[in-house]
Structure formats: C-alpha cells, structure tokens
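J.: Chain by chain, the residues:
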Amino acid sequence: MSAVIDVVGLSKSYRVHRRAPGVWAALGSVFHRRYETQNAVCELSFHIEAGERVGFLGPNGAGKTTTLKMLAGLLHPSAGTVRVASHTPQERNPAFLKAITLVMGQKQQLLWDLPPSETYAMNRAIYDLPRAEGEATQKELVELLEVGDLIHKPTRQLSLGERMKCELVAALLHRPRVLFLDEPTIGLDVSMQEKMRTFIRAYNQRWGATVLLTSHYMDDVTALCPRIIVIDRGKLVYDGDLKALIRQMRPERRLTVRLASVVAPERLTRLGATVVAHGDSQVVFGVKPERLNETVREVLASLPVADLSIEDPPLEEIMRELFQRDTATRDDSEAARVAEAARAAAGGERS
Amino acid sequence: MRALRQALRAYPTLLRVGFAEVVAYRAEFVVWILTTNMPFVMLAIWHAVAADGAVGRFDQSRFVAYYLGAWVVRLVTSTWVVWEMSMDIRNGSLAPRLLRPLHVLLSYSAEHLAAVPMRFLVVSPVVVLLLVSARQHLTLGEPGFLLVFLLSLVGAWMLIFFSMVLMGALAFYLESSLGLFELWLGLHAILSGYLVPLERLPGWVAHLAAYLPFRSMLAFPVETLVGLETLPRAVHDLGIQWLWVVGTALVALTVWNRGVRRFVAFGG
Numbered sequence: 000m001s002a003v004i005d006v007v008g009l010s011k012s013y014r015v016h017r018r019a020p021g022v023w024a025a026l027g028s029v030f031h032r033r034y035e036t037q038n039a040v041c042e043l044s045f046h047i048e049a050g051e052r053v054g055f056l057g058p059n060g061a062g063k064t065t066t067l068k069m070l071a072g073l074l075h076p077s078a079g080t081v082r083v084a085s086h087t088p089q090e091r092n093p094a095f096l097k098a099i100t101l102v103m104g105q106k107q108q109l110l111w112d113l114p115p116s117e118t119y120a121m122n123r124a125i126y127d128l129p130r131a132e133g134e135a136t137q138k139e140l141v142e143l144l145e146v147g148d149l150i151h152k153p154t155r156q157l158s159l160g161e162r163m164k165c166e167l168v169a170a171l172l173h174r175p176r177v178l179f180l181d182e183p184t185i186g187l188d189v190s191m192q193e194k195m196r197t198f199i200r201a202y203n204q205r206w207g208a209t210v211l212l213t214s215h216y217m218d219d220v221t222a223l224c225p226r227i228i229v230i231d232r233g234k235l236v237y238d239g240d241l242k243a244l245i246r247q248m249r250p251e252r253r254l255t256v257r258l259a260s261v262v263a264p265e266r267l268t269r270l271g272a273t274v275v276a277h278g279d280s281q282v283v284f285g286v287k288p289e290r291l292n293e294t295v296r297e298v299l300a301s302l303p304v305a306d307l308s309i310e311d312p313p314l315e316e317i318m319r320e321l322f323q324r325d326t327a328t329r330d331d332s333e334a335a336r337v338a339e340a341a342r343a344a345a346g347g348e349r350s
Numbered sequence: 000m001r002a003l004r005q006a007l008r009a010y011p012t013l014l015r016v017g018f019a020e021v022v023a024y025r026a027e028f029v030v031w032i033l034t035t036n037m038p039f040v041m042l043a044i045w046h047a048v049a050a051d052g053a054v055g056r057f058d059q060s061r062f063v064a065y066y067l068g069a070w071v072v073r074l075v076t077s078t079w080v081v082w083e084m085s086m087d088i089r090n091g092s093l094a095p096r097l098l099r100p101l102h103v104l105l106s107y108s109a110e111h112l113a114a115v116p117m118r119f120l121v122v123s124p125v126v127v128l129l130l131v132s133a134r135q136h137l138t139l140g141e142p143g144f145l146l147v148f149l150l151s152l153v154g155a156w157m158l159i160f161f162s163m164v165l166m167g168a169l170a171f172y173l174e175s176s177l178g179l180f181e182l183w184l185g186l187h188a189i190l191s192g193y194l195v196p197l198e199r200l201p202g203w204v205a206h207l208a209a210y211l212p213f214r215s216m217l218a219f220p221v222e223t224l225v226g227l228e229t230l231p232r233a234v235h236d237l238g239i240q241w242l243w244v245v246g247t248a249l250v251a252l253t254v255w256n257r258g259v260r261r262f263v264a265f266g267g
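So the sequence lines, in the order shown, correspond to chains A and B. By numbering that gives the first Met the number 0, the letter at position 77 of the first sequence is numbered 76, and the numbering carries on one by one without gaps. By numbering that gives the first Met the number 0, the letter at position 113 of the second sequence is numbered 112, and the numbering carries on one by one without gaps.
Because the hints were derived from the structure by calculation, they are not lab data. All C-beta atoms, glycine included, are put in the ideal place defined by N, C-alpha and C. Don't take each hint at face value.
To give an idea of the chain B side of the interface with chain A (calculated C-beta under 10 Å), a few residues [as the list claims (entries may be wrong)]:
(1) 1
(2) 15
(3) 16
(4) 91
(5) 99
(6) 100
Across the chosen pairs, the derived CB separations fall in these ranges [what the hints assert, rightly or not]:
(7) B:181 - A:30: 20 to 26 Å
(8) B:116 - A:82: 42 to 48 Å
(9) A:186 - B:120: 39 to 45 Å
(10) B:253 - A:5: 28 to 34 Å
(11) A:138 - B:20: 20 to 26 Å
Construct the complete structure from the given sequences, taking the supplied hints into account.
T.: Shown next, in the form of structure tokens:
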C-alpha cells in the first residue's frame with residue numbers, strides 16, 4: 000500500500016494581536032499594536048496508508064483542526080511538506096478537491112433556507128458528476144443514513160442530528176477517497192453517534208476510503224480507529240496502535256464487579272488487586288493481566304457477586320494522562336514516564 | 000481551461016439554486032428594495048426646483064426620466080457581495096466554499112446574478128411608469144443606444160461586483176473591511192450621479208468624477224438611457240467603462256489570490 004497522506008515537518012504559526020482589557024489599552028492599540036507569533040503546529044510528521052482509519056487526538060488548542068485544514072488545503076503551511084492523494088493541498092487543484100472531503104461538525108455547507116436536496120443538486124453540478132452516477136450515489140447515501148424524508152425540508156427546520164446526517168450526504172456525494180472528519184458527532188445524542196460511526200465504517204469498507212478523524216468522544220475513536228495520532232501543543236506525542244498505547248500506559252485490566260450486597264473496604268484490600276473505585280453496589284479493580292484468572296477466582300469466592308466484567312481502562316483516562324498540560328506542576332519523572340510509555344508503545348507498534 | 004468548461008456547465012444549476020434562495024428570502028428582498036428610495040426623494044426636490052424652469056438640460060420630465068432610470072439601474076446592477084465575503088472570511092464560513100472544485104468568486108457571482116431576474120420583476124412597474132411619463136427622453140428605440148445601454152448594464156454590474164470583491168478581499172488583511180465599504184458608499188452616492196446628476200455638481204467635482212470609476216457604475220448607463228449622451232460619446236464611455244471593469248477585476252483577483260494564502264479559517 001502507498002501513503003495517501005504524507006506529512007513531513009509540517010508547521011503552522013499565526014501572528015496574533017495581543018491587547019490588555021480596558022479603554023486605555025484599546026486607545027493604545029490604535030497607535031501601537033503588539034503581535035505575538037503563536038505556533039499552532041510544530042514539525043509534525045506522519046504517513047497514512049490508503050484505506051486506514053486513524054484517530055487524530057489532542058486537547059483543545061493542540062493543533063488538530065489546524066492540521067486538518069492544512070491537509071484539506073484551506074491553510075498554507077508555514078513550513079514542511081504535505082501530500083494528500085498525490086497532490087499538494089494548498090494548490091487546491093480541482094482534482095485534489097474532488098478526491099477529498101472535510102466535514103466540520105461546527106461548520107456546514109448546507110444552504111440554510113433551502114432543503115438539502117438543493118445543496119445536493121448544486122454539488123452534483125459543481126463536482127461535475129454524471130447525472131445517473133450522482134443520483135445513484137445520492138440515493139445510496141440517503142438510504143444508508145435514513146434521511147429520505149428530510150432532504151426536502153428546509154435545512155433550518157432540521158434538528159442538529161438530522162442536519163449532520165444530511166451534511167454527510169453532501170460531503171460524500173462525489174465519493175471522496177480521503178475523509179477528514181472534524182468532530183463529526185459533536186452535539187449528537189448517543190444513538191445518533193452510533194449511527195454515524197456505523198456509517199463511517201461502512202463507507203470506509205465499501206469504498207476503501209482513508210479516514211482521519213478528530214473527536215472529543217473517545218467512543219468514536221475506540222469504535223472506529225485502530226490507529227491513533229496524538230498531538231499536544233502542535234507536536235507529535237504518539238503515533239501507533241490504540242490498543243498498544245492502552246496496554247503500555249495502563250497495563251492493568253479493569254475488573255468491574257456488581258455487588259449483591261454492601262461490602263466493607265477491608266474485605267476488598269485483602270484480595271491483592273488495586274481498588275480503583277468502590278461504591279455500595281459496585282467495585283472496580285485494576286488487575287495485572289497475569290493475575291487476572293486468579294483474581295477473578297478470589298473475587299467470586301469471597302464477594303457477593305451479582306455481575307462481573309473485564310475491560311481495558313477507558314481511553315479517556317489514557318488521554319487525560321497524555322494531555323497533562325501543566326508541565327510546570329507535573330513531576331519530571333512522571334512526565335518522563337508518560338513520554339517513555341507513549342514512545343515504547345509507538346515503537347512496539349512500528350517494529 | 001477544463002476547469003472553466005466545468006464551471007460553465009455548473010453555472011445554470013448555481014443560478015437556479017441562487018434564484019431559489021432569493022425566493023426564500025422574498026420578504027427581506029422586498030424590504031431591501033423599499034429602502035432604496037433615495038432617487039425618489041431627490042426627484043421630489045429637483046422636480047420642485049425645476050417647476051420655475053429647466054435647470055441646465057434638465058426640465059421636470061427629464062428629472063423624472065433620470066431618477067426613475069437611476070432607480071432601475073441601481074436595483075438591477077447593485078450587488079452587496081462585500082458583506083457576505085467579509086463575514087465569510089472573518090468567521091471562517093469561507094472554508095466550505097474553498098473546498099469545492101469551483102472558484103469561489105464564480106459561486107458568489109452566481110448567487111448574486113440569480114437575484115437579477117427577481118429584481119427585474121420588482122422594477123417592472125417603475126419601468127412602465129418611466130416609459131409612460133418620460134418616453135420623449137428615452138433612447139431605447141434606437142438600436143445603437145439600446146445595445147450600448149444593455150452592454151453598459153452588464154459592465155456596471157461587473158464593475159460593482161469586482162469593486163465589492165476587492166473590498167471584501169481586504170478582510171484577509173484588515174480586521175474588517177466594512178468601514179472602507181461605508182466610505183465607498185458615500186463616494187458612490189455623490190460621484191456616481193445617484194444623488195445628483197453629475198452635470199449639476201460643482202465643476203471640480205464633476206471633473207473629479209470623470210477620472211473615477213463611479214460614473215461607469217450608474218451615471219453612464221442612466222445618461223445613455225435618458226438621452227444625455229450622443230451615440231459616439233456613449234460608445235467612447237462604454238470603452239472607458241470596460242477598461243475599468245478589466246482593471247478592477249485584475250486588481251480584485253490579485254488581492255483575492257494573495258489573500259486566500261492568509262486565510263486562517265477561524266471558527267471550527
């Protein structure tokens with residue numbers, strides 16, 4: 000397979016006007032403006048093969064959206080090179096624009112006062128789709144996303160979830176090979192999020208499309224992306240297998256036990272596993288994989304168990320640790336351990 | 000070239016969708032037309048002034064022809080794409096437009112051209128009034144004048160459109176380009192003949208107007224329509240108008256192309 004997305008040493012900096020609050024500062028800024036250079040993305044490098052589904056993660060302000068916008072050709076990089084689908088994005092060659100799509104959960108292309116069907120007609124014309132092909136793709140997408148009864152209502156009368164589904168139809172009408180999805184499930188309810196994930200996976204499998212997804216919902220990432228790229232303050236923190244990262248950062252599995260009756264805390268500590276959380280009706284243990292069978296046996300023998308499940312630690316926890324922003328207050332050895340764990344997981348995955 | 004052919008194929012659909020949008024905003028559209036009433040105010044004033052006798056080449060009926068013509072030309076040729084562009088650039092809504100394989104200015108032009116048929120519909124009663132009340136001044140019966148007038152309408156629309164694009168594209172460089180647009184509106188009102196026929200302005204102002212593009216935006220088509228121009232003079236002025244169109248278009252496209260590189264796509 001060849002790299003569909005090839006990013007080498009990518010950087011983007013902005014010149015930002017800084018001004019203190021107040022009237023005097025406002026007056027002062029009329030005569031003298033203070034600008035600062037803000038580095039949104041710093042020497043980022045990664046490659047994504049055709050057909051991959053990759054989660055692109057980072058805290059707010061990490062540079063995810065800026066990177067996506069550079070990959071989509073909306074922003075010109077300050078340094079470095081980007082190739083997407085064999086094109087240089089910022090040239091915005093029509094062939095490139097026909098090969099990609101960028102779905103932004105907070106920006107829409109649907110015409111607000113007209114039904115989505117009008118946006119679809121416009122996009123079919125703009126993308127120069129043969130009539131039969133365009134209509135067939137639209138029909139298929141409309142059926143997959145179950146929006147047949149919505150596309151003739153004015154967009155402004157649709158709910159957020161309905162709009163997002165209709166937005167996806169508009170974004171995929173030209174059957175792009177590369178999908179940049181920026182928070183595609185933002186604001187959607189749980190069932191709608193699940194439908195969107197199912198659809199994105201189906202589209203990826205059906206057309207072999209490459210997907211690069213940002214989301215603050217870790218469920219989106221765990222459900223869709225075998226690989227993740229994590230950035231913080233514009234720099235690469237981790238690039239590799241999602242499960243490998245979890246195992247490296249949190250080697251213990253999570254043993255969740257629903258209790259039939261209340262259990263005293265001292266009975267739990269005797270079991271030799273770490274108690275992560277304890278309530279009247281539930282207790283969560285952190286258990287090393289090699290001790291899992293033994294611990295389960297002990298739990299079943301010594302506690303009033305109503306139900307029991309074993310899972311990986313939640314991705315949110317891992318991300319929280321990776322995203323620790325306040326490095327000044329963080330213990331150096333802890334920072335080194337986090338970085339080392341991420342490096343080890345990434346290295347293990349690549350080797 | 001291939002991109003241009005593709006754009007031309009897409010254009011009728013863009014116009015159709017643009018027209019559907021205009022119809023969706025019909026109430027707002029009619030209100031906007033009602034706010035364009037300054038020519039009627041000026042007509043009332045000059046009509047009273049000319050009651051005691053002609054003012055230069057203007058008697059009462061020519062003032063009627065001039066201001067009704069100015070109203071029609073203004074409504075048919077005006078476009079306010081600067082508002083949309085400035086907003087799109089500042090809040091990042093330009094991003095979805097930039098992602099389409101069609102030049103953004105072509106899509107703006109289609110949206111704004113699509114409003115022209117609706118405007119024709121709205122101005123048609125005033126056109127009838129113009130034909131009835133000031134027929135003797137109108138030159139449309141002569142094919143030469145008719146051709147120059149129609150081409151001057153196209154030229155005026157394009158000149159205004161590219162002027163708006165130029166000011167809108169300045170939003171890539173300035174925090175807001177709308178202040179500049181307000182200044183432009185003031186200059187346009189005086190130097191385009193919208194408020195007062197240019198030949199009724201003080202000599203030095205009329206002289207200044209001859210060297211600026213505003214006359215080509217309004218006064219020239221109106222003067223051609225109401226018989227204030229000879230045919231050779233009108234053809235000459237048509238050439239000047241189209242030079243302004245080409246010049247403004249080149250500058251606007253240059254500013255746009257450079258500005259897009261600075262686009263920061265905020266808000267999303």
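J.: Now tell me, hint by hint, if it's right for this structure.
T.: How the hints compare with the structure:
The interface hint given for residue 1 of chain B is met, as the beta carbon of that residue sits about 8 Å from the closest beta carbon of chain A, less than 10 Å. Interface restraint check for residue 15 of chain B: the shortest CB-CB distance to chain A comes to about 8 Å, inside 10 Å, so the restraint holds. Among the interface hints, the one on residue 16 of chain B holds; its C-beta lies about 5 Å from the nearest C-beta in chain A, closer than the 10 Å criterion. Here the hint on residue 91 of chain B is kept, as its CB sits about 7 Å from the closest CB of chain A, short of 10 Å.
Nearest Cβ of chain A to the Cβ of residue 99 of chain B: about 5 Å, under the 10 Å cut. The hint holds. The interface hint given for residue 100 of chain B is met, as the beta carbon of that residue sits about 4 Å from the closest beta carbon of chain A, less than 10 Å. Distance hint check for residue 181 of chain B and residue 30 of chain A: the Cβ-Cβ separation is about 23 Å, which falls inside the suggested range of 20 to 26 Å. For residue 116 of chain B and residue 82 of chain A, the hinted distance range of 42 to 48 Å is satisfied, since their beta carbons lie about 45 Å from each other.
Separated by about 40 Å at the C-beta atoms, residue 186 of chain A and residue 120 of chain B satisfy the suggested range of 39 to 45 Å. For residue 253 of chain B and residue 5 of chain A, the Cβ-Cβ distance of about 32 Å falls inside the hinted range of 28 to 34 Å, so the restraint holds. At roughly 25 Å, the beta-carbon separation of residue 138 of chain A and residue 20 of chain B lies within the given 20 to 26 Å, and the hint holds.
Figure legend: structure checked against the earlier numbered hints; every hint is met.
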